[in-house]
Amino acid sequence: MTDREFDQLMKTLSDQQANLSDKVDILQQTVEQGQKEMKDGLQMVLEAIWKK
Numbered sequence: 127m128t129d130r131e132f133d134q135l136m137k138t139l140s141d142q143q144a145n146l147s148d149k150v151d152i153l154q155q156t157v158e159q160g161q162k163e164m165k166d167g168l169q170m171v172l173e174a175i176w177k178k
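Numbering (this note's numbering), first residue to last: 127 to 178.
Among the hints, erroneous ones may be present.
The calculated PhoX-like cross-link candidates involving lysine-lysine, where the alpha carbons are at most 25 Å apart (straight line), are [to be verified]:
| hint | residue 1 | residue 2 |
| --- | --- | --- |
| 1 | K137 | K149 |
| 2 | K149 | K162 |
| 3 | K178 | K165 |
| 4 | K177 | K162 |
| 5 | K177 | K165 |
The hints are simulated quantities; they were obtained by calculation from the structure and are not laboratory data.
My request is simple: use the sequences and hints to build the entire structure.
Spelled out as structure tokens, the structure:
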């Protein structure tokens with residue numbers, strides 16, 4: 127493997143790692159949003175039951 131091939135491979139791996147990191151960040155935000163929506167929904171249900 128030449129130095130040029132090695133450098134290209136390292137750049138590809140670095141790009142893929144950055145892309146994966148971005149996807150993990152998006153997934154984390156999605157999970158947090160889902161947790162908030164579930165909490166809000168549960169609170170609405172409990173308030174509706176409480177008011178009966």
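So which of those numbered hints doesn't the model satisfy?
-> none
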